[in-house]
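Got chain A sorted already, so can you dock chain B onto it with the hints?
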Amino acid sequence: MTEPPPLRLRIGSLPLTNRPEADVLFRRRGEAITVGRFLADVAALAARLPARSHALNLCADRYNALLAFAAALSRDQVVLLSSDRSDRRLAEIAAAYPDLTVMADAETEAVGGEARWEPPPGAIRVAPLAVPGRGGPNPAIPSDRVAVIGFTSGSTGRPAAHPKSWAALVAAAVAAGERFALRDGTDMVATVPPQHMYGFETTIMLPLHVPTTSHAGPCFYPVEVAEALQAAAAPRVLVTTPLQLRALLGAAQAMPSVAAVISATAPLDPALAAAVEAAWNTRVLEIYGATEMGSIASRRTVEGESWTLYRSVALRPAEGVPDGTEAVVAGMAAPVPLADAVALEGEGRFRLLGRRTDIVKLGGKRASLASLNRILLGIPGVADGVFAVPDDLDRNPAARLAVFAVAPGLAAETILAALRREIEPVFLPRSVTLVPCLPRDAVGKLPRAALDGLRRQVVGLA
Amino acid sequence: MSSALAIESEVAALIVEALHLEMRPEEIDPDAPLFGAGLGLDSIDALEIALAISRRYGFQLRSDDERNGQIFASLRNLSAHIDKNRQH
Numbered sequence: 001m002t003e004p005p006p007l008r009l010r011i012g013s014l015p016l017t018n019r020p021e022a023d024v025l026f027r028r029r030g031e032a033i034t035v036g037r038f039l040a041d042v043a044a045l046a047a048r049l050p051a052r053s054h055a056l057n058l059c060a061d062r063y064n065a066l067l068a069f070a071a072a073l074s075r076d077q078v079v080l081l082s083s084d085r086s087d088r089r090l091a092e093i094a095a096a097y098p099d100l101t102v103m104a105d106a107e108t109e110a111v112g113g114e115a116r117w118e119p120p121p122g123a124i125r126v127a128p129l130a131v132p133g134r135g136g137p138n139p140a141i142p143s144d145r146v147a148v149i150g151f152t153s154g155s156t157g158r159p160a161a162h163p164k165s166w167a168a169l170v171a172a173a174v175a176a177g178e179r180f181a182l183r184d185g186t187d188m189v190a191t192v193p194p195q196h197m198y199g200f201e202t203t204i205m206l207p208l209h210v211p212t213t214s215h216a217g218p219c220f221y222p223v224e225v226a227e228a229l230q231a232a233a234a235p236r237v238l239v240t241t242p243l244q245l246r247a248l249l250g251a252a253q254a255m256p257s258v259a260a261v262i263s264a265t266a267p268l269d270p271a272l273a274a275a276v277e278a279a280w281n282t283r284v285l286e287i288y289g290a291t292e293m294g295s296i297a298s299r300r301t302v303e304g305e306s307w308t309l310y311r312s313v314a315l316r317p318a319e320g321v322p323d324g325t326e327a328v329v330a331g332m333a334a335p336v337p338l339a340d341a342v343a344l345e346g347e348g349r350f351r352l353l354g355r356r357t358d359i360v361k362l363g364g365k366r367a368s369l370a371s372l373n374r375i376l377l378g379i380p381g382v383a384d385g386v387f388a389v390p391d392d393l394d395r396n397p398a399a400r401l402a403v404f405a406v407a408p409g410l411a412a413e414t415i416l417a418a419l420r421r422e423i424e425p426v427f428l429p430r431s432v433t434l435v436p437c438l439p440r441d442a443v444g445k446l447p448r449a450a451l452d453g454l455r456r457q458v459v460g461l462a
Numbered sequence: 001m002s003s004a005l006a007i008e009s010e011v012a013a014l015i016v017e018a019l020h021l022e023m024r025p026e027e028i029d030p031d032a033p034l035f036g037a038g039l040g041l042d043s044i045d046a047l048e049i050a051l052a053i054s055r056r057y058g059f060q061l062r063s064d065d066e067r068n069g070q071i072f073a074s075l076r077n078l079s080a081h082i083d084k085n086r087q088h
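Taken in order, these protein sequences are the chains called A and B.
The UniProt record's numbering puts the first residue of the first sequence at 1, with every later residue one more than the last.
The UniProt record's numbering puts the first residue of the second sequence at 1, with every later residue one more than the last.
One chain only, chain A, in its complex shape (with noise of 0.2 Å):
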């Protein structure tokens, strides 16, 4: 396949949509919203909005994300996308950014188990209009400004910040709809969260340059997930995850015919994507992407390992960083560093040769084990530990982290009831086991099949 050249961005400014107001931008309970009303809807939130610097999305609808997005966007307001609604996190975002408007839902609702969650109070509570209205301004962005900061890892206490800027944003969206051929006003059901830069671009983002249309949810448990395709106008695409295409398949779902299943956040094992393919008929594609730079390449996964860059990306090596490669993204001031070790094979095509090694992945968040290590050996009472990672960690969505201390007067529940309070639910270890010393050799280091072999002595495996 030829692509075309590099993609250039124009100086400048760009409109919020380019799409023509009759279009069908989303679906949401039974309704189609157009590209007009959702104009209206945007203009109606925007003079609600008091004047800071910066907007917290906190929306679990998706529309009502979209919105959001699209009212602070054209108020001049930087948006922060947080997926992490914990008291503690928010307390954090409102420290960091004291000049804060903070967004949620008219009508809170729980997602994945979690809670039942209300907002902050203060919070302007968003909704679409509650009688539709027929259009509004269209307002151009300029194309240097930051759009949106996303943000990556709870494990080193504080997460980093991530700046987009517009011109970022619009280049990545225009790229995956030509990577796609999202072309027919595709029906777009999501999984992802519309605060993960993943589901952000492409449910939030999409829909404004690319015509095609995102669904509003929930969508979380599999029968959900088939219900909102069922609702969706084919030609349908599915955004979802590894960890939900093994629940889906799981629940033998029955589903709609769906033109093509995009997966992100974790590498898709091939025997499960070739799964999916039979079972539904369809095509299995994978994002590679990071918080830092966005979706940058694709691949068929039961087509080989190779990936294939989009038109607004180039890799090279990184200087100075051992197996290190940078991403250089159009719209993106400083090349970003690479998470993962990667061989190229030009043309825009590459291999994943693996994480680097302090790097670890779970449910589409990143944490480095040096920082995990550091916040257990930071426990009061507490001599020697570490993180073990699992060997199916890459092969199996479902593994979690597991730890070994040395405490002596400490509980097990005391050390995780600690970690608790400093890092991201996901990375708490699934078992907590104290032993007398860690099986370190001479130089300090921790083999792999010495903490195995003390694993299953304590626990009493075979």
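In case anyone wonders, no lab produced these hints; they're calculated from the structure.
Only a predicted model underlies this, so the values are computations on that prediction, with no experimental measurement involved.
The beta carbon of each residue, even a glycine, is placed where N, CA and C say it ideally should be.
Simulated restraints, written as ranges between beta carbons of each label pair: (1) A/48 x B/3: 45 to 55 Å; (2) B/4 x A/305: 48 to 58 Å; (3) A/50 x B/27: 43 to 53 Å; (4) B/27 x A/302: 35 to 45 Å.
Chain B regions said to be covered by chain A (calculated; three or more residues, Cβ under 8 Å): (5) 19-31; (6) 43-53; (7) 57-64.
Structure of chain B alone, referenced to chain A:
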């Protein structure tokens, strides 16, 4: 054992098995939250539990169940929800 207790211990065993928890089913506090501060589960686990429930009890969990009934608020709530909706 009353039937409420019987289903609670059955569901506790199902959770421990589905999530490979290194604890005994009877160690799950029936009134503690399953997510967050209690058992510390998250949305990855919610999917695993949903899958195990659909296989064992023949019905599917839904997000709006949670909104209405807060079924993950405790083992007791989840067990009651299963008892009400089970197909087999």
